[in-house]
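> Chains as they are written, first to last, in our numbering: chain A, 101 to 518; chain B, 101 to 518.
The reader is advised that the hints may include incorrect statements.
If chains are identical, the list can't say which one is meant, so a pair holds when it fits in one copy or spans any two.
Claimed, not checked - As a list, the in silico DSS-like pairs of lysine-lysine whose alpha-carbon atoms are at most 27 Å apart:
hint, residue 1, residue 2
1, Lys327, Lys408
2, Lys183, Lys161
3, Lys313, Lys436
4, Lys294, Lys327
5, Lys143, Lys327
6, Lys377, Lys113
7, Lys313, Lys197
8, Lys408, Lys183
9, Lys436, Lys183
10, Lys143, Lys197
11, Lys313, Lys161
12, Lys161, Lys115
13, Lys112, Lys313
14, Lys327, Lys313
15, Lys148, Lys197
16, Lys294, Lys313
17, Lys408, Lys115
18, Lys294, Lys377
19, Lys120, Lys313
Calculated directly from the structure, the hints in this document are not laboratory data. For clarity, every value in this text was computed on a predicted model and none was experimentally measured.
2 protein chains.
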Amino acid sequence: MEIAEQVLQIAKKAKEASEKLAALPSGVKDRALLCMAEELLAKADFLKAENARDVAYAREKGLSGTMIDRLTLTDGTIEAMSKGLREVAALPDPVGKITSMWRRPNGLLVGRMRIPLGVIGIIYESRPNVTADAAALCLKSGNAVILRGGSEAIHSNRAIAGILQEVLRESGLPEGAIQVIPTTDREAVTEMLKLEDHIDLIIPRGGEDLIRKVVELSRIPVIKHYKGVCHIFVDESADLDMAVTLTMNAKTQRPGVCNALETLLVHRNIYEIFLPKAAEALERAGVTLRGCPRTCEILPGTMEATEKDWYEEYLDLILAVRVVDDIDEAIRHIRKYGSLHTESIVTTDYGHAQRFLQEVNSSTVLVNASTRFSDGFELGLGAEIGISTTKLHAFGPMGLEELTTQKFIIYGNGQVRT
Amino acid sequence: MEIAEQVLQIAKKAKEASEKLAALPSGVKDRALLCMAEELLAKADFLKAENARDVAYAREKGLSGTMIDRLTLTDGTIEAMSKGLREVAALPDPVGKITSMWRRPNGLLVGRMRIPLGVIGIIYESRPNVTADAAALCLKSGNAVILRGGSEAIHSNRAIAGILQEVLRESGLPEGAIQVIPTTDREAVTEMLKLEDHIDLIIPRGGEDLIRKVVELSRIPVIKHYKGVCHIFVDESADLDMAVTLTMNAKTQRPGVCNALETLLVHRNIYEIFLPKAAEALERAGVTLRGCPRTCEILPGTMEATEKDWYEEYLDLILAVRVVDDIDEAIRHIRKYGSLHTESIVTTDYGHAQRFLQEVNSSTVLVNASTRFSDGFELGLGAEIGISTTKLHAFGPMGLEELTTQKFIIYGNGQVRT
């Protein structure tokens, strides 16, 4: 079968399945998820064997150690996947929730009810656990999912999806609910992105190049974030010990993720005291600094930052540092160089806290807390399918509700429009 | 200046303006809107003169009477535009509303606050009143707008926008808040749709061909509906007089709009009584029927519907009619041929009403009411910028809230992630 035809068949099957999924009672979905959680554990040996094929190929191709780490399934990562499914089963079902209802002067009762989006396409790179996570969140929210993982994880992804599909079959649920594109040919992605009549949403997860390509080609709405250039602004009135603690946590607790700190902005009235304190702690943790002229003056030996550094998502133990004249300059810097992801102010000044929350329109804006909290679990959404810096539909961490939309439901008794 | 450069400059100016607009107090926006409402009336003669140039050209080009009707500005339509602006001024400001807030176990206070989307591009056809309506809704919701109307209305659109911009200048608001693409060259649209870093949302309003072209070319998220193939299902238990009244209202009150009825589905146990009653009323109103075989049998002389008719948005005094065996067949028909716009059931059966509301996932689903209520004003949103059958972001009629997104705001006191 030609690739275009193959992808179309998958999409049609997904759309058919989505109509059944939309009407499923929560209990049925939850039982299937719990069963999937058990089956992943029961078939751990099979998963590891299939995964070994991918890992061997990755070594042959000379992929980096980090990449191979992300790709490798161990008993630990399989247990984590299984636990993830049990957690999703325990979350409240967003489907059918009536979020508001009001009466019109003519007696019509107008409400808004949450319904699944329909069919969701996930395009992702090497981490095979995304296969189970994304499938679980889509199933729970009543959506069919089409998974297109990286070629380096194809055997692992197929194996995981195979186990999930077997549970679908045994539970009497439509198999089209969870499908993996079986080919690694890139044409499959191009074809998938054309199917706007069959697929409702595309979520790309991976590097910026992958995501830009998807946005360019897609006729289907895409929710994405390109990168996370997150800022902390240490205000004049900040508790400086707190500022050091937050900076350290945001930069070093997990430097390779999108909500890690990339640029530190420091008020000019305190930088001479604060920066040496912060630099000492950062240096001990192995962080290299790139500074503005005032930073380099107070911290001799610091590499000078170039214009490019302010745009940079290092995803590494590197931090750009800039001294600013006031909160206005901090906000201007964030607007110019930021990525609409996550920004935090450290301050004891009530007015500055409120201004920062009002005027910085990134997807997550914090006062006196680490940027690392920009995460679906940490914010209490119960799950996370991704983070959006697209302002449409969802902005920031996306949980189950963000995988639904709302229709209007209207109870009348014969009203006509005049 | 080259067109690409010209459009980029407009978009940059809009983005700059949007940052100021986001922080404006409601009162400032409302005063500007009221001032614009007055200025449109004060300059009615100028508007009619500019509009006459468009109308003369349209006649020369041989545009249809309906098209010329839509294009023409009269004292009445100018008064209506002005009233529209005053109504928008009176609506509550969605910006800054905190829709929910909760405390996390670690003490973080997490909330969601409505903020403007940023820059909105509206691509529309001949009706110049859209220029004022869309500009007002965008300004009220704190968004900058870039308007690209049809070439046949270019003088009217420029004149309206010119008046609004003068008020912006006099009120000290950024002129980039409301801009019209000054050229009618199609390249301008192509260039505009590439500017994903400057424009946050595109709303196309017009024929299906225009909208499909926009979706194909755009890298910016698009909210749209292609067409409204709206259904009424007359259930076995329906109050037949009510069913006739609702059918008549939905089909004939304004046949050229997207929430008008296009296909009538009738339960087989009542069609022999209902259809002759309905046909009599419809015929009196000048409606032509296209029927399924059973319809044609009970209403001799009716033209037989083809498969194509079930997909058709007539926007005219034509109605497709199909007898179905039960509610399941009605729902299947709507899923297969519908456009996710608006569907209504006429029934006295409690269970069928609930099933229809649950299982039909169109953007507006009604019981015992006319499809014509699928409208931002009628549903109580206070305004309407368009109707979405895109399931992302907004689904159904879109008011001011749908021109905003929500950011997470977080109050902490030193929390770090562990």
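> The structure should be examined with respect to each hint, and the outcome stated for every one.
How the hints compare with the structure:
1. Taking CA atoms no more than 27 Å apart as the test, Lys327 paired with Lys408 passes inside one copy only; the shortest distance there is 15 Å, against 46 Å between copies.
2. For a Cα distance limit of 27 Å, the shortest separation of Lys183 from Lys161 qualifies neither inside one copy, at 32 Å, nor across copies, at 68 Å.
3. In this assembly of identical chains, the alpha carbons of Lys313 and Lys436 lie at most 27 Å apart only when taken from the same copy (24 Å versus 32 Å across copies).
4. When the C-alpha separation of Lys294 and Lys327 is checked against a cutoff of 27 Å, the pair qualifies both within a copy, at 25 Å, and between copies, at 19 Å.
5. For a Cα distance limit of 27 Å, the shortest separation of Lys143 from Lys327 qualifies neither inside one copy, at 36 Å, nor across copies, at 48 Å.
6. With identical chains, the CA atoms of Lys377 and Lys113 are never at most 27 Å apart, being 59 Å at best within one copy and 41 Å at best between copies.
7. For the identical chains of this complex, Lys313 and Lys197 are neighbours neither inside a copy (35 Å) nor across copies (35 Å), given an alpha-carbon limit of 27 Å.
8. Taking CA atoms no more than 27 Å apart as the test, Lys408 paired with Lys183 passes in neither setting, with 41 Å inside one copy and 50 Å between copies.
9. In the homo-oligomer, the alpha carbons of Lys436 and Lys183 never lie at most 27 Å apart, since the shortest distance is 41 Å inside one protomer and 39 Å across protomers.
10. Taking the shortest Cα distances, Lys143 and Lys197 never come within 27 Å of each other, neither inside one copy (36 Å) nor across copies (49 Å).
11. Taking identical chains as interchangeable, the C-alpha atoms of Lys313 and Lys161 lie at most 27 Å apart only when both belong to the same chain, with a minimum of 24 Å there against 42 Å between chains.
12. In the homo-oligomer, the alpha carbons of Lys161 and Lys115 never lie at most 27 Å apart, since the shortest distance is 37 Å inside one protomer and 45 Å across protomers.
13. Taking identical chains as interchangeable, the C-alpha atoms of Lys112 and Lys313 lie at most 27 Å apart whether they share a chain (24 Å) or sit on different chains (23 Å).
14. Within a single copy, Lys327 and Lys313 get their C-alpha atoms as close as 14 Å, which meets the 27 Å cut-off; across copies the closest is 29 Å, which misses it.
15. Taking the shortest alpha-carbon separations for Lys148 and Lys197, neither the intra-copy value of 40 Å nor the inter-copy value of 50 Å comes in at or below 27 Å.
16. In the homo-oligomer, the alpha carbons of Lys294 and Lys313 lie at most 27 Å apart both inside one protomer (13 Å) and across protomers (13 Å), since each shortest distance falls under that limit.
17. Taking CA atoms no more than 27 Å apart as the test, Lys408 paired with Lys115 passes between copies only; the shortest distance there is 22 Å, against 44 Å inside one copy.
18. Taking the shortest alpha-carbon separations for Lys294 and Lys377, neither the intra-copy value of 54 Å nor the inter-copy value of 46 Å comes in at or below 27 Å.
19. Taking identical chains as interchangeable, the C-alpha atoms of Lys120 and Lys313 are never at most 27 Å apart, the minima being 32 Å within one chain and 32 Å between chains.
Checked against the numbered hints listed earlier, the structure breaks hints 2, 5, 6, 7, 8, 9, 10, 12, 15, 18 and 19; every other hint is satisfied.
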